[in-house]
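Turn these sequences into a full structure, and let the hints guide you.
Under mature numbering (1 follows the signal peptide of the UniProt record, and there is no 0), residues -24 to -1, 1 to 240 are what the sequence shown spells out, in order.
Hint data in this document are derived by calculation from the structure and do not stem from the laboratory.
These numbers were taken from a predicted model, which means no experiment stands behind them.
Take the hints with a grain of salt, since some may be wrong.
Taking lysine to aspartate or glutamate and the EDC-like style, the derived pairs with C-alpha atoms no more than 20 Å apart in a straight line are [said to hold, decoys possible]:
no., residue 1, residue 2
1, 177, 144
2, 131, 109
3, 181, 232
4, 181, 144
5, 4, 60
6, 131, 103
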Amino acid sequence: MKNSTPLKKRVFCGVFVLSASLQAFSYKIDVLAESFSKVGFNNNKIDIVRGIYPTETFVTAVGQGNIYADFLSKGLKNQGHTLEGKVGGTVGGVAYDSTKFNQGGSVIYNYIGYWDGYLGGRTALIDGTSIHECTLGPDGKMIDSIACGNAKANKIRRNYLMNNAFLEYRYKDIFVAKGGRYQSSAPYMSAYTQGFEISTKVKDKNEGNHKLWWFSSWGRAFAYGQWIYDFYSPRTVTKNGRTLNYGIHLVNYTYESKGIRDQC
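Spelled out as structure tokens, the structure:
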């Protein structure tokens, strides 16, 4: 009985902290549906010898859902702090495909679902003996035909991906840190990235602004009405017979003062 009062205080404090945390947390759900159509007017039959290929016509149906979360209380926000996050994915398919019955098979995987593995080369590793478009030559090796290649690519295509999974912290306009999977704002690295970025801005005594930005990425993906590509390495290196991804890294410094802007 001697410890009953401290125990009650500890329980009360625990409930109070949990309640305060729940009051600070808020979230919202957004859902997006999108369709893309491409109409080709060149309907000639494929003639590989003459290099004649029809222009594909297709219609896509793509949906995306995200949960956005805000983790901080109003008091912390008033002090300039922001901590947000988002988790979401995209799924899509092809409602119409004019290339489905073409010689060589469908090639719409180039738009919706193409995925050759994170480091590339996965299609080449597929055993084509179970694919009727793939046949063996007199030497017992698989014939490298267009139809076989398309069939392999269609077999492992991915029509879905988790393109959003990140946390972002900001302090006023002085500091930003973001990491995970998110929509990239980096030059030459559009679409979605898998990595992080950090930026900071300071003002000198002459009212000049110095901004330093660091961006690192170990993957790129597309999740739109026209394109669905799961995360892959846009740049790889081969070392000791192994394919590796060292990432893509960017550093940018910007100075602004009295209408003058310089960056490197």
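Status of each hint after checking the structure:
1. 177 to 144: 16 Å, holds
2. 131 to 109: 12 Å, holds
3. 181 to 232: Measuring from Cα to Cα gives roughly 13 Å; hence the hint holds.
4. 181 to 144: 29 Å, violated
5. 4 to 60: 12 Å, holds
6. 131 to 103: 11 Å, holds
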